[in-house]
Structures are given as structure tokens and as C-alpha cells.
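> Protein sequences appear in the order of chains A and B. Numbering of the first sequence is given in my numbering, commencing with residue 1 and proceeding in unit increments. Numbering of the second sequence is given in my numbering, commencing with residue 1 and proceeding in unit increments.
Calculated from the structure, these hints are not laboratory results. Heads up, some of the hints might be wrong.
[What the hints assert, rightly or not] Listed below are the simulated EDC-like cross-link pairs for lysine to aspartate or glutamate, each with C-alpha atoms no more than 20 angstroms apart in a straight line: (1) B:K66 - A:D146; (2) B:K39 - B:D17; (3) B:K66 - A:D221; (4) A:K202 - A:D221; (5) B:K15 - A:D146; (6) B:K47 - A:D146; (7) A:K83 - A:D59.
Spelled out from the first residue to the last, the chains are:
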Amino acid sequence: MVTDRYARQVLHWGAEKQKIIEESSLLIAGVGGLGATVSQLLVRAGIGRLFLVDDGRLDWPDLNRQTLYGENDVGRAKLPLAKERLNQINSATEIVEMQGRIDESFQVPKAIDGVADCLDNYQSRFALYNGLATGTYFVHGGLDGDHGQLLTLVAGESQAFGTIFAGAVQPQGSIPVTPDNVVIIAGLMANELFSVLWKTPKLLNRCLVISLADFHISFLDV
Amino acid sequence: MIQIQFFSLIRMLLKQDAAEIPWEAGDTVQSVLEKTQAKIVTPFLHKLLDEQGEPHTGTIIMVNRKNILHLQGLQTPVADKDVLAFFPPGAGG
């Protein structure tokens, strides 16, 4: 491995935090809009291992925001593509593919340091959270148009995700999502995931609500 | 006083992120909602309640961090200094 590839970020967060990142494992649930960028940022930072879950194939409307893929990938399964692209970015990260849709039967891998909820529907989010071992960090991200939110929970200690978001239903049809808004929320998720790995989450039981229409930020304690 | 917090699309619609409503004995989420609507010119109840007057799916209503669907819904009692939050989360990813 090139020894100075992390030099610029180590200048910022230091060697000790870098070492933690390199020794950590995260589950990325979904490698679509949020997941493609979240996983990419984690890999660029030198995360030790990523478990990726997805069951989708790339379609043309995905290309506006799913930053790991291009035109030649349309029609192909996202999961092996994501692994291929992430390996090209940083071969030091171990990428573990978990093909399939997240439902109540999903087995969350053991020995992970946290989960990034990059899913696009509540049913899968509820199932994912319900499958977590007590003490597992869960970083949720979601958005709709100009509006997005992030929230960190600890399974078994925080209010359950399904309890907080009870009544939230999936809108009919496609949800409006733009390249910039998705990447902004994904970047904030990556930022929070690093903090989770360092055991200093900023959004534990605190939902960050962002309106990009007017750059308004607020917090909802849960 | 009862603290009201508006998030996301509700905040944008009302052009304000908070309101205060004087507390009265017997207040519930529903009565606080009605008093809030009376105080705010912009109609917003239709964003929170369906045609039957029930909480609109998609908007989370919380009292002191608890989703009212786990309490007594719109009939959840509200005490002085309670915090009500109205939050329509984004589902996409």
C-alpha cells in the first residue's frame, strides 16, 4: 500500500483515528443514491471492511446520482459493479457482497461496528433495524427533494427506528432526488459514520433535518 | 406554554420553525393543533390530518420525543411545557 495515500486526512484527524477507520467494518445497506457515495467516501478514507447489500440493477434514472456507475453499466447488477469500482478506488478495503433485498429474514453480519441505512424504503429500514444486535450503531439517512434527515441510533438502547418512524409510509411512485442533494446527505452520513467509529457520534438520538431549499438546519431530539 | 416545532416541508409551508401556544387544562394534541391553526394564517392541518381527521401517514407527530401513534394518537394529553414536533421525513435514498 502506498504509505502516504491518507496523508491529507491524517493531517486533519490524526493517526489514531485513521487507525480506527482502517480496523473497522461497516454494513452499507443499499448501494444506490446514498450508498454509492457513502461507500465511496468510506473506501477513500481507508475503511477496513465494507459489507454491501443490494438487489438492484442499474437503470437510466439512477445515473443522475449514483456516483459509482456510468452509462455502460445500465442493466447490470449494482452489487458486483460497486465492489469492482470500490476495489479500483482502494484495494486495501475488503468488500463483502451480500446479494439480496433486506426484509425480516435478513441476517445482519456479526462483528460490524455500525450500519449505514442507505435504503430507499421504510419497510426495509424497519426490518434492518429489527435485525441488529444490541449495541449496534445505526446511521439513518433519507431525503425527498430539497429535504433530508440523518439520525444515529443504538440498537437496544435508543428508541427503535420503527417506533420513531411509525406511520411513515412510502410515497406512491418515484421520489424526487437530485445529484447534489443526494451527495450532500451522503457526505454528512459519511461524516457521522466516522464519528461513530470514533465513538463520538454527533447525532445520537438527535435527528438532523436539512432543507437545502434555504439551507436551514434544525434538530429533532428523539 | 406548549412548544411547537415544525420541520421540513411543514416549516417551509408555514415559514416558521416554531410556535408557542398557551397551555390549558385538558389540552390534547388535537386541541393544540386546532389552537395552533387558529394562530397561524397559513392553512396546514390538511398536511397533517386526512379527510377523516386522523393523522396523515407520512407526517410524524411527536410529544416529548414520543410518536403519538404509540400514545393516544390525537387524544394524547398535553401538559404545560410539553414539546410537540411535526416532521414529514424524506423516504428516498
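> Now tell me, hint by hint, if it's right for this structure.
Cross-check of the supplied hints:
no.: 1; hint: B:K66 - A:D146; verdict: violated (26 angstroms)
no.: 2; hint: B:K39 - B:D17; verdict: holds (14 angstroms)
no.: 3; hint: B:K66 - A:D221; verdict: holds (10 angstroms)
no.: 4; hint: A:K202 - A:D221; verdict: holds (12 angstroms)
no.: 5; hint: B:K15 - A:D146; verdict: holds (15 angstroms)
no.: 6; hint: B:K47 - A:D146; verdict: holds (18 angstroms)
no.: 7; hint: A:K83 - A:D59; verdict: holds (18 angstroms)
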